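Protein sequences appear in the order of chains A and B. Each residue of the first sequence is one higher than the one before, starting from 299 at the first, in our numbering. Each residue of the second sequence is one higher than the one before, starting from 618 at the first, in our numbering.
Quick caveat, the hints were computed from the structure, so don't treat them as lab data. Treat the hints loosely; a few may be bogus.
Computed beta-carbon distance windows for the label pairs [said to hold, decoys possible]: (1) B:V690 <-> A:V302: 53 to 61 Å; (2) A:T360 <-> B:D753: 17 to 25 Å; (3) B:A659 <-> A:F342: 55 to 63 Å; (4) B:R651 <-> A:T353: 41 to 49 Å; (5) A:D315 <-> B:Y741: 44 to 52 Å; (6) B:D740 <-> A:L423: 16 to 24 Å.
Within a straight-line C-alpha distance of at most 27 Å, the following computed BS3-like cross-link-like pairs (lysine-lysine) qualify [said to hold, decoys possible]: (7) B:K713 <-> B:K680; (8) A:K410 <-> B:K702; (9) B:K738 <-> B:K702; (10) B:K619 <-> B:K713; (11) B:K738 <-> A:K376; (12) A:K410 <-> B:K738.
Values in this document were obtained by computation on a predicted structure and should not be read as measured data. Built from N, CA and C at the ideal position, the CB exists for glycine as well.
What follows is each chain in one-letter form.
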Amino acid sequence: MSNVGAVRQIALSAGRDLDATLAFWQSVLGMSVHARYDPPGMAFILAGDVRLLFTDGVPAGTVYLDIAGLEAFHAQAKAAGIPFTAPPTLVHRDTEGRFGPAGESEWMAFLKDPAGNTIGLVERLPSEPHWGRP
Amino acid sequence: MKPFLEANEDPVTVLVAREMEAISDADIVDWAGRHVAPLSYADDADYLQMVRCNPGNAVALGKAPSHLASLVVRRFPDFNCDSAKAAETARQVFLKRIRTYLHGDVEPLQNCRMVRLIEEKYDYPSWLGGLYDACDWMDERTTRDQALHLRNAIEQILSDNGSTQLPEAVE
Chain A
299 MSNVGAVRQI ALSAGRDLDA TLAFWQSVLG MSVHARYDPP GMAFILAGDV
349 RLLFTDGVPA GTVYLDIAGL EAFHAQAKAA GIPFTAPPTL VHRDTEGRFG
399 PAGESEWMAF LKDPAGNTIG LVERLPSEPH WGRP
Chain B
618 MKPFLEANED PVTVLVAREM EAISDADIVD WAGRHVAPLS YADDADYLQM
668 VRCNPGNAVA LGKAPSHLAS LVVRRFPDFN CDSAKAAETA RQVFLKRIRT
718 YLHGDVEPLQ NCRMVRLIEE KYDYPSWLGG LYDACDWMDE RTTRDQALHL
768 RNAIEQILSD NGSTQLPEAV E
C-alpha cells in the first residue's frame with residue numbers, strides 16, 4: 299500500500315534574477331516570500347499548503363493557482379500594464395461535477411513571470427445564465 | 618506572419634471580430650494603421666486615436682476596442698449587433714479565423730476563446746459546429762500537435778458551412 303499523499307512542493311525556475319521574479323509574485327499576485335536562503339539563492343512562496351520553490355537548475359514550469367474574482371483581477375492588472383498571455387477563458391464546463399460542484403464552469407487566464415514560469419489563474423464559477431446546449 | 622485582417626474591412630466587421638475574440642487589440646491598431654478610411658470617418662476622433670495608438674503602450678492598446686465601438690456607434694448608427702446581418706458577418710469572420718488555424722501558427726486556445734462568446738452572442742448558432750467539444754480542456758499549454766482533434770473539427774465545420782479550406786479564400 300502506498301502512503302504517498304498530497305502535493306507538498308513544486309519547483310519553479312528562479313530565472314536569471316531571483317529578486318525580479320519574487321518581486322513579480324509579490325506585486326502582481328500579492329504572494330509574499332515565506333523563506334529565502336542566500337546562498338544558494340532559493341526562495342519559497344506558500345500557495346495554500348503547497349510550497350513553491352524558486353531555484354536554479356530547473357526549467358520554467360507551469361503552475362495553476364486558484365483565484366477569486368478572476369475577471370476583475372484581469373481588468374485591473376491589464377489596466378496597470380501587466381501583459382497576459384491569455385485573458386480569462388472558459389476551458390471546461392464541469393457538467394458531471396468531476397472536479398467540484400456539478401454545473402460549474404472552469405475559467406483560466408495566463409501570464410508569465412520574469413523567469414518564464416507560466417501562471418494559470420483558475421476560478422470555478424456557477425453555470426452561465428444561458429448555458430444550455432441546443 | 619500575414620495579418621488576419623486585410624485592412625479593407627469596415628469598422629463594423631472589425632468590431633464583430635473583436636467582440637468574438639477572433640482578433641486582438643493589437644490587430645485593431647494594425648488594421649487602423651493600414652486601413653484607407655473613407656471621408657465619412659477619416660477624421661473621426663476615435664478612428665484617429667486608433668491610427669495613432671502606439672502598440673507598445675499596453676494601456677493605450679487596451680483602449681482600442683472602446684475607440685472602435687464608439688466609432689461604430691457614431692458613424693454606423695444603423696448597425697445592430699443582434700441582427701441577422703451581424704450574425705452573418707460573425708459567421709464569415711469565424712470561418713476565416715478557423716481556416717487560418719489550418720494554415721498558420723495560431724495556437725489552439727486562440728480559436729477556442731471564441732466559442733463561449735459566439736454561443737452567448739449568437740445563441741448557439743449551428744455554424745459553430747462541434748468546436749465546443751473540440752475545445753474542452755484546451756489551455757495555453759495545449760500545442761497544435763496535441764490538438765489534432767481540433768484540426769479535424771475545424772475541417773468538418775468548414776465542410777458543413779460549404780467553405781473551402783484553402784488559405785486565401787474569401788467567403
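Self-check item: Those earlier numbered hints the structure runs against, lowest number first
Solution: 8, 12
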